[in-house]
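S.K.: Keeping their order, the protein sequence lines are chains R and G. So the first sequence is numbered by this note's numbering: it starts at 1 and just counts up by one. So the second sequence is numbered by this note's numbering: it starts at 188 and just counts up by one.
Keep in mind that a hint or two might mislead.
[To be verified] Label-pair distances were calculated between CB atoms; the ranges are:
hint: 1; chain 1: R; residue 1: D10; chain 2: G; residue 2: E552; range: 55 to 65 Å
hint: 2; chain 1: G; residue 1: A464; chain 2: R; residue 2: N101; range: 43 to 53 Å
hint: 3; chain 1: R; residue 1: L79; chain 2: G; residue 2: K493; range: 20 to 30 Å
hint: 4; chain 1: G; residue 1: T198; chain 2: R; residue 2: L79; range: 43 to 53 Å
hint: 5; chain 1: R; residue 1: E53; chain 2: G; residue 2: E516; range: 51 to 61 Å
Since the hints were made in silico from the structure, they are not lab data. No residue lacks a Cβ here, since even glycine has one placed at the ideal position from N, Cα and C.
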Amino acid sequence: MQTHALLNVDRKLLAPFFDRVPELFDKYHNREEEKPDVYEELLYKIHRPLSSEMLDMIDDWMGLEHRSLNQDQELMLRLFLLAIRYPDTLLLESLDDVITNDVRRISAYLHFTSHTYTIWDQDTRSGLKKLGFDIPDTTNADPFIYGAYVGTIELIKDLAPFTCFLEHDVPRQRLFQAAIAQYGREA
Amino acid sequence: MSKTDVVEAYTPNFEGWVREFHEWQTRIGFDPAWLGDYRFEIRFDWDSAGKTIEFGDFEGMPKWSRRMQIPQQNIRDAIINMISVQGDTEFASVEQQNHLLATAPTEYDRKSALRIMCEEQRHGWQMAYLLCTYFGEQGVREAAKLLERNAQDGTRLLGSFNAPIDHWLDFFCFTHFIDRDGKYQLKMLSTSSFQPLSASMGPMLKEESFHLGTGANGLRRIVKAGVIPVSFLQKYINKWVSTGLDLFGTDESTSAQWAYVYGVKGRYDERESEQEADREHLNEASRGLYFDELKAEMVRISKGRKEGEPELYIPSDKFNRGIGKYSSEMYTVTGEEFDGSPDEYQAYLAEVLPSDEDERKLMEEYMAPGVEWIQYREWKG
């Protein structure tokens with residue numbers, strides 16, 4: 001869902017960020033804590049048909065305990081990940097609360113199965129705020145809030161000049177999310 | 188910030204050209220159904236283009252936005268020539284590559300190649316639009332020629348765009364080495380004094396980065412899979428690097444110098460560089476930056492090789508050159524003068540470049556059906 005009309009974009013706020021995207025991405029993505037090598041390996045290792053082990057690998061990279069879901073919920077989650085298509089986020093409402101109670105976790109699953117969905121992160125939220133996009137805070141995967149978050153990063157990507165588009169193995173959504181997160185961290 | 192304007196209504200000249208374009212697609216066997224919901228659009232980023240001429244003898248004056256503002260006919264001709272060459276390469280690459288879609292190693296590669304071909308066609312549209320919209324009858328004639336020349340017939344303007352791309356290893360080398368040259372050309376035109384040309388480059392460069400990434404990642408994935416020996420891959424790198432270097436044109440080029448004087452085509456780092464341009468060695472300067480970039484990229488590609496495999500490297504810029512001061516000279520891949528007769532040099536070239544036997548081995552052994560010669564990756568939208 002496109003949540004911000006172009007008219008609401010503050011160009012002056014975006015300009016200094018766009019000047020620094022490659023440097024900001026590099027600082028964030030290549031930090032040891034971000035385990036960039038593992039992230040880049042997961043881009044290859046996560047694929048259809050999705051298995052529980054693949055989702056475990058994402059949990060491990062995120063530093064989360066493995067999810068504890070019953071068999072039906074696990075199946076529901078995997079079907080959801082296979083079925084959802086950007087820009088839809090309303091499909092999140094079809095899931096049990098226990099699956100959606102951690103927006104970081106489910107956004108990471110979504111990111112590795114469909115790159116357009118970006119990983120939820122508080123630094124990124126701060127970065128978005130600095131750029132003039134105030135995304136409400138949430139811990140559970142609210143489809144409207146998460147939809148606004150993803151849609152806003154897509155919009156920023158669309159507005160960015162060509163100098164931002166690094167030649168890198170990571171998807172462009174990760175490139176921008178990581179750069180925004182670093183920008184937010186500096187706030 | 189980049190604000191892309193999409194042109195909504197076309198001139199009759201360009202609408203006529205679009206009809207010819209659809210015939211071209213049919214002629215080369217590109218099924219329009221492959222495009223899915225992709226739409227060719229004419230996109231301009233006027234902000235990035237700027238309003239003032241940035242270099243050359245007209246520096247500081249307003250950029251030209253219409254043909255009649257361009258002060259001399261020879262400058263108009265130079266601009267038309269640059270747009271024509273750029274457009275020619277875009278359509279040529281689709282002619283060279285579209286047959287590969289049927290043999291893609293994975294769905295990811297098929298979709299990546301298809302996206303590249305769609306975007307190359309869009310870039311060709313953009314160049315044809317400039318010709319048809321801004322340059323009257325002369326432009327319409329040049330735009331028509333973009334669809335008349337053909338890579339399969341060997342009539343495209345630049346040599347490497349007539350060379351066959353027979354398999355996916357050549358495709359990845361092409362996108363890594365030749366599309367990278369394309370990135371340099373686009374960036375050099377992104378500061379052009381002719382504003383519709385410079386404003387075309389921002390959206391094209393955004394798309395081009397995906398093409399280069401596809402090439403670099405493809406080569407990395409091949410190295411990682413470890414099926415094709417590194418020493419074998421090296422021969423293909425030797426083949427493509429000299430081609431890429433040649434695309435920058437002759438040394439001490441007067442046409443590059445005039446293009447700079449007119450403000451039509453700048454240096455690759457025109458906006459970043461604090462040094463005065465060396466107008467007599469413009470092609471050499473861009474070629475040098477490209478060569479350095481190739482070396483850095485090859486370190487990254489080579490990292491994934493299996494233990495015990497030799498490191499991949501970029502051959503010397505003197506090796507196997509067809510243009511410039513090293514053209515037709517005998518140099519080794521490491522840049523030393525070859526100590527031997529011309530016949531011995533031919534035998535040396537047969538060792539360090541892919542031979543017919545290598546091509547056979549590649550297709551029948553390394554890339555044979557069922558062999559996982561490239562690391563698997565899924566297309567995830």
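S.K.: Which earlier hints turn out false for this structure, listed by number in ascending order?
M.R.: 2 and 3
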